[in-house]
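Student: Given next are the chains, with one letter for each unit.
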Amino acid sequence: MTKKQLALVIDLNVCVGCHACVTSCKEWNTSGWAGPLPDVNPYGADPNGVFFNRVQTYECGTFPNTETIHFPKSCLHCEEPPCVPVCPTGASYKRDEDGIVLVDYDKCIGCKYCSWSCPYGAREFDPVQGVMKKCTLCVDRIYDQTIEAERRKPACVLACPAGARIFGDINDPESEAARAIRDNGGFPLMPEWGTRPANHYLPRRKTTTTLHPDQLTRVDNPLKAEGETPRPAFTTPTIDGVSSW
Amino acid sequence: MKPAFSVIFLTTLIGAAQGLLIALTAGQMYAGGQSGGFFALGAALALALLCLGLVASVFHLANPQRGWRAAARWRTSWLSREVILIPALSALAFLYAVIHAFGWAPVLVRLGNGAAIDLPLALGLLTTLASLALFVCTGMIYACVRFIRQWASGWTVVNYLLMGLASGFTLAAAYARLQDSLLSGFMSGAAVWLTLLALAARAFQLWRNTTGAPCSTLKSAIGVHHAQIRQITQGFMGSSFNTVEFTAPGGAETVRGLSAFFLAVGFVAPVALLLAGMPVLAFLCQYVGLLAERWVFFADADHVQNLYYQAKG
Ligand code: SF4
Ligand code: SF4
Ligand code: SF4
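Just so you know, the sequences run in chain order A and B.
Counting from 1, one number per residue, gives the positions in the first sequence under the working numbering.
Counting from 1, one number per residue, gives the positions in the second sequence under the working numbering.
Everything labelled a hint here was simulated from the structure, so no lab data went into it.
You may find that some hints are simply not true.
Said to hold, decoys possible - With a Cα cut of at most 16 Å, we get these calculated EDC-like pairs of lysine to aspartate or glutamate: (1) K3/A - E67/A; (2) K153/A - D140/A; (3) K94/A - E80/A; (4) K94/A - D104/A; (5) K153/A - E176/A; (6) K219/B - E79/A; (7) K94/A - E79/A; (8) K219/B - E192/A; (9) K219/B - E67/A; (10) K153/A - D169/A; (11) K312/B - D46/A; (12) K112/A - D118/B; (13) K4/A - D172/A; (14) K312/B - E59/A.
Unchecked claim - Facing chain B, from chain A, some residues (calculated, C-beta under 10 Å): (15) V16; (16) C108; (17) Q129; (18) L189.
In this text, a Cβ means the ideal position worked out from N, Cα and C, and glycines have one as well.
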């Protein structure tokens, strides 16, 4: 049996770049177990803050043939996390039971070495507590028995208005997450480093329809073609009772 | 990467200390098993540098009161190994200084050809071994960061070793001159060769770093297979840990200027000063040069994560 590996699957075809996941992540985590997520100089000219999730925007092609890609990015909870073995204190660790990569804030000495070993720029240092922080996959939400079962999901997943974020065990072939990866060509980021990110992304998909000329002219409308059906009598019963006349 | 002054001082100070310890042992063997105050004071000097380095390293940690925890993961982390080796080497340097100061030289082993290994020599060899191991650890801390192309090669380790040895022997030459020791000539000569060797290796790495190609591109970073991709926004208009820790102030201009500076001041000038018989000045000059070298080492390093942080907005 393969090990359980919780992760997010993010559909780039659906994400509209609204940053709802960013703000909900910040809100949940700054007030929870991983918090606070401090903002230095928040109202000044150059604010600097800790976030576990960022939504970036990219553009492909040359105007006017361009395509915009909104790209949410958080810790990918790699199955071979390069950030873990380099930590000298053991504060950074990957949980056996569900594959979540976490930092033990009571052990971290704030040397920042782990952040050098993450190619995705997913770790953000908390200058106030002096420890390294990162996405926890909302570990303090997803197992919380006081929350109703269907809301035991990461804050960002619940917040996404477009439904672009799927949460689940990617090693369980029956899970929604694993199925989404399998059916929609889900891919990992920068596979060349062998980090085996658990979070996957679903590609942009082109939606097209082919129209043939005959579909543009009305050839078959036996009932409603103008002037062909007699106007029903006012008292004729109709399906909804009002719209016929 | 952002050059951190704590690490710049740590690596240059302990590099010189390790080099000095190796120089002392080499001098001890060169002088035919001498012992005495010269070596004791020299080791004390190395110990002082090691301690200064430790003090500098404390400034690098946000939670230094838990620093002891950093010894926990020596099986997987080069940083952890370094954290263990620095105090171990300090202890060895202390022992080395003590036995030389008191002139204890009991013979430990007598070899087949009649040569004897006494306690000072055995301890010297042990100190040398520990110093070399520490060079490897320090170098590997950077060389094992795969995501920085400029660091991820054996040359990083070679350079830490050679630059540490060069500055250590130059320091030993200066120290021998001040003590009017007979070893002064030997130390100066070795320092010149090591500095030249270090110059060649470091210059090669500089050249190598300007020619290599980046390993990852935006294509694989966001998984979109398009020939033209650009970032419109990194997702925030301010800054974050990722935009500060992984960039150097000053930009490419500063790196180029400081590279020329450290090649001249850290290597060429010290060789000239050593040859001119001014080892004290040579060491001071070289140390300043090596500070600049370390700054460039960080500033020149481009981390893969920077692909994700290109456009404020
Ligand atoms: S995304 Fe970065 S921080 Fe998260 S597990 Fe992978 S390497 Fe570690
Ligand atoms: S910053 Fe903390 S979690 Fe990261 S390597 Fe250092 S001790 Fe480990
Ligand atoms: S899983 Fe939780 S911590 Fe991670 S990005 Fe989503 S809301 Fe933030």
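Student: For a C-alpha distance cap of 16 Å, please report whether K312/B and D46/A respect it.
Tutor: The hint holds at about 11 Å.
Student: Are K3/A and E67/A close enough, with their CA atoms no more than 16 Å apart?
Tutor: Between K3/A and E67/A the Cα gap is close to 38 Å, so the pair fails against 16 Å, i.e. violated.
Student: Within a Cα-Cα threshold of 16 Å, do K94/A and E80/A meet the stated pairing?
Tutor: Holds, because 9 Å separates the two Cα atoms, which is no more than 16 Å.
Student: Given the hinted pair K153/A and E176/A, is their Cα-Cα distance within 16 Å?
Tutor: Satisfied, since the Cα-Cα distance of roughly 13 Å is no more than 16 Å.
Student: Can you confirm whether the C-alpha distance between K94/A and D104/A stays at or below 16 Å?
Tutor: holds (11 Å)
Student: Given the hint that K219/B pairs with E192/A, does the C-alpha gap stay at or below 16 Å?
Tutor: holds (12 Å)
Student: Measure nothing beyond the straight line between the CA atoms of K219/B and E67/A; if it is 16 Å or shorter, mark the hint as holding.
Tutor: holds (14 Å)
Student: Taking the least C-beta to C-beta distance, is L189/A closer than 10 Å to chain B?
Tutor: The hint holds - L189/A has a Cβ within 10 Å of chain B, the shortest such distance being about 6 Å.
Student: Holds or violated: are the alpha carbons of K312/B and E59/A at most 16 Å from each other?
Tutor: holds (14 Å)
Student: Given the proposed pairing of K153/A with D140/A, does the C-alpha separation stay at or below 16 Å?
Tutor: OK: K153/A and D140/A at ~10 Å, within 16 Å.
Student: Would the hint linking K219/B and E79/A be met if the CA-CA limit is 16 Å?
Tutor: violated (22 Å)
Student: Next pair to validate is K4/A with D172/A; report whether the Cα-Cα distance is within 16 Å.
Tutor: holds (7 Å)
The earlier numbered hints that this structure contradicts are 1, 6, 12 and 15.
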